[in-house]
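Undergrad: Here's the letter readout for the chains.
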Amino acid sequence: MESSELNAPGYEIPPEIKGQIAITSLDRIYNWGRSASVWPMMFGLACCAIEMICAAASRYDLARFGMEIMRPSPRQSDLMIVSGTVTKKMIPTIVRLYNQMPEPKYVLAMGACASGGGPFKEGYNVVSGVDRYIPVDVYVPGCPPTPQALLNGLMKVQEKIRGESIKHSRWYQKGPDMAEIPIPMLGPDLIDPRKVDLIKNSEKA
Amino acid sequence: MAAPLSSQTQELTSRFSNLINADTRPGYSGWLLDKTHLLEFATALRDEFGYDYLSSVTGVDYLPEGKMEIVYQAYRTTGGPGVMFKVQVPRTDPVEVPSLVPIYPGAELQEREAWDLLGIKFTGHPDLRRIFMWEGFAGFPLRKDWHEPYYEEDVKPFKNRWPTGKIVMSESNNSYNDNIAYPKGFNPESQSFNPEKALYDALRIYQKNEVGLDTDHIIVNLGPQHPSTHGVFRVAVMLDGETIVNLKPVMGYLHRNHEKIGERNTYIMNMPYTDRLDYLTSMSNNFGYALAVEKLMGIKPPERADYIRVMMAEMTRISNHLFLIGSLLNDLGAYFTPMLYALEERELILDIFEAVAGSRMMCNFFRFGGIARDLPDGTLKKIKEIFFERFPRKIDEIDRFLSENEIIRSRGVGQGILTPENAVRYSATGPLLRASGIPYDVRRAEPYSIYDRFEFDVCTRKNGDIYDRLMVRFDEIRQSIRIIQQAAKQIPEGPIMTVKPMYQVRVPPGEAYGRVEGPKGELGFYIVSDGKPNPWRYHVRAPSFINLTAFGPMCIGQKIADVVGVLGSIDIVLGEVDR
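Taken in order, these protein sequences are the chains called A and B. As numbered in my numbering, the first sequence has no gaps in its residue numbers, which increase by one up to the final residue, 205. As numbered in my numbering, the second sequence has no gaps in its residue numbers, which increase by one up to the final residue, 579.
Calculated from the structure, these hints are not laboratory results. Watch out, some of these pointers could steer you wrong.
To be verified - Using 20 Å as the maximum straight-line C-alpha spacing, the simulated SDA-like pairs for lysine to any residue come out as follows: (1) A:K195 <-> B:Y182; (2) A:K200 <-> B:K382; (3) B:K184 <-> A:D197; (4) A:K167 <-> A:R59; (5) B:K184 <-> A:S25; (6) B:K489 <-> B:S359; (7) B:K382 <-> B:I407; (8) B:K248 <-> B:P227; (9) A:K200 <-> B:P227.
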């Protein structure tokens, strides 16, 4: 963001200190800081992870957007890039990682598989999109998306962050925290704890 | 290939006259034997005939005949054609076959795979657990009478989508609106077993060291979300202090049901799926699959297509090895810097792929009987520029920066040693095998395509440690550059397809095993056709999956910190390990 953008119009700043002082709203400066230092989680699932690495490397250089610090620990990251096919064996781990990330947190579904199952959707071990379990903020299409497409998706995440307000953001409100997402279990097939009743009833019917 | 040569036929029939029969089904080859003679036959094959390397083990479900067939491919590490032998057993539960692990330890993971997906019980296997799916999963997915939750029809194209073009979401046919199905009468609340128990039980079986203090051993899990497992791989280790006393790789976190989907797809529909096997080396995967199907169809690509294929496959090898060098150095503690150098060069190769095939990673470029399209204008010139001038210089530069580095030497030299004997026993292939000093390369041992025309060396190193495995990759990059240089000089003009491009190919009934030397090792495709547009059985012999058989033995006795180095030097890609 340019400093001229930060300077809210309508307030007279004496010319001699114009270089040092900016007047802006708290939301803007706060979101500007957050959006320019998103730390993605270092966590690759499949083919898309390779393009994610390429996006972070020499030619595409994620560092330009303040995102080059990939954290292997969910406790230190703001953004989960779900980069690849989500399988039934892996989804309990992904949900657990998501639960461990501190608020505010964002999820980017990278590629066809993470968004909806992709070419492997019909497979018996494939989850039809990660959004069946965790909320997704940005979907990036492609199989795999090129690094440019991923960069575009990351800029969309930044856009979303800039549009938020401290006043309305859920994680600054009083009241209970967002409930953790129940972790799926592995049985004869994947069991979503939220669907236990449905599974029981459909067996009776 | 396993088509019995006359000398081989004579040798084997004179030795085993009453045990084996030639497989006389039309389009089939190899030998059929009874399961009671399997161990005797395999022992003799290894000890008397020198077929010391068991390449592939898989099963085929012949549902209409009520039979299960277990197919083995054995080769000599000195080169030459292999032996394919098969055991047929009635398709009753349980399907039981003696395990070959005592004779060929390299069969360990492959037999577990056949048990997991086809329900073939290998008696005498030391650790027969499910490998891709979890313990407790209902059914054996690759059996022909097992249907996935989104099942619509046995084969594609599905009639409700084509030719009418009506789109049906797979979810709408499922009672849970999701990709799940449960056995009848299943109550999720009574679910109480722990799918991890079998793993930890297996991990607790190991040779205890009786000397010294009696200390507690602890279990540590690395992964599935771990920055240096190169994806969603998991390693469970039993530690005595910092020393590893037992190690089990755990996989299946990226099991995308490649083979089940492949048996529903038509032959040509599988081509883009092979790209996603080992997603760093899509051209090489295309190559193996195209060779196997071409072998079945009995066609050959034209000259020019062969040259382009070879150039693309060798570029893939270079780009894969560059990626490996970057990530292995990352694992060894150099962090991201070597990766930046390596990826800068890799991007140049990806540019060529993008110009030629239209995609950076998932090239989908090969067709049966040729390639999808000719080189666009100016590409050959660019290839020459890159591989005659830039790459030889750049590889030397990366080599100079890294190879003599003290940290790399001390973390690599003498660590994670795989002896030549063990490398062969565990069916290791590719750079892993050659770093142990065995000069076995499918391009030389059994030349396919036009590899017999090029001059190149089969690179070997002596010690079989992490450092040698890194250096053998540098050597291979230089040899690949040599091959590309020769191919770029010799490439003729001409057509790129022998047959007309078509949506469906006609494949006569039979079987074929096509193998190529992929960047990670021997990549094989075993295909059984019943004359329909879809393969009856489609099996991938994935090199990085089978190379992992040697992972445990290489790590036992090492320190925990070396696990990531050893794993990085094997060079796995999870898309291929789990498929």
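Undergrad: With reference to the structure, classify each hint as holding or not holding.
TA: Hints, verified against the model:
1. Between K195 (chain A) and Y182 (chain B), the direct Cα distance comes to roughly 13 Å. Compliance with the 20 Å bound is thereby established for this hinted pair.
2. A hinted pair counts as satisfied when its Cα atoms are at most 20 Å apart, and K200 (chain A) with K382 (chain B) does not qualify at roughly 63 Å.
3. Taken as a hint, the K184 (chain B) and D197 (chain A) pair is honoured in the structure, with Cα atoms around 15 Å apart against an allowance of 20 Å.
4. The suggested pairing of K167 (chain A) with R59 (chain A) is violated, with an alpha-carbon distance near 39 Å, which exceeds 20 Å.
5. At most 20 Å may separate the alpha-carbon atoms for a hinted pair to count; K184 (chain B) and S25 (chain A) exceed this at roughly 60 Å.
6. Proposed proximity of K489 (chain B) and S359 (chain B) is contradicted: the alpha carbons are some 25 Å apart, above 20 Å.
7. With a C-alpha separation of about 37 Å, the suggested pairing of K382 (chain B) with I407 (chain B) is violated against the 20 Å cut-off.
8. Using a Cα cut-off of 20 Å, the hinted pair K248 (chain B) and P227 (chain B) holds, with the two alpha carbons roughly 18 Å apart.
9. Simply put, K200 (chain A) and P227 (chain B) have alpha-carbon atoms about 39 Å apart, too far for the 20 Å limit, and the pair is violated.
Going through the hint list in order, the structure does not satisfy hints 2, 4, 5, 6, 7, 9.
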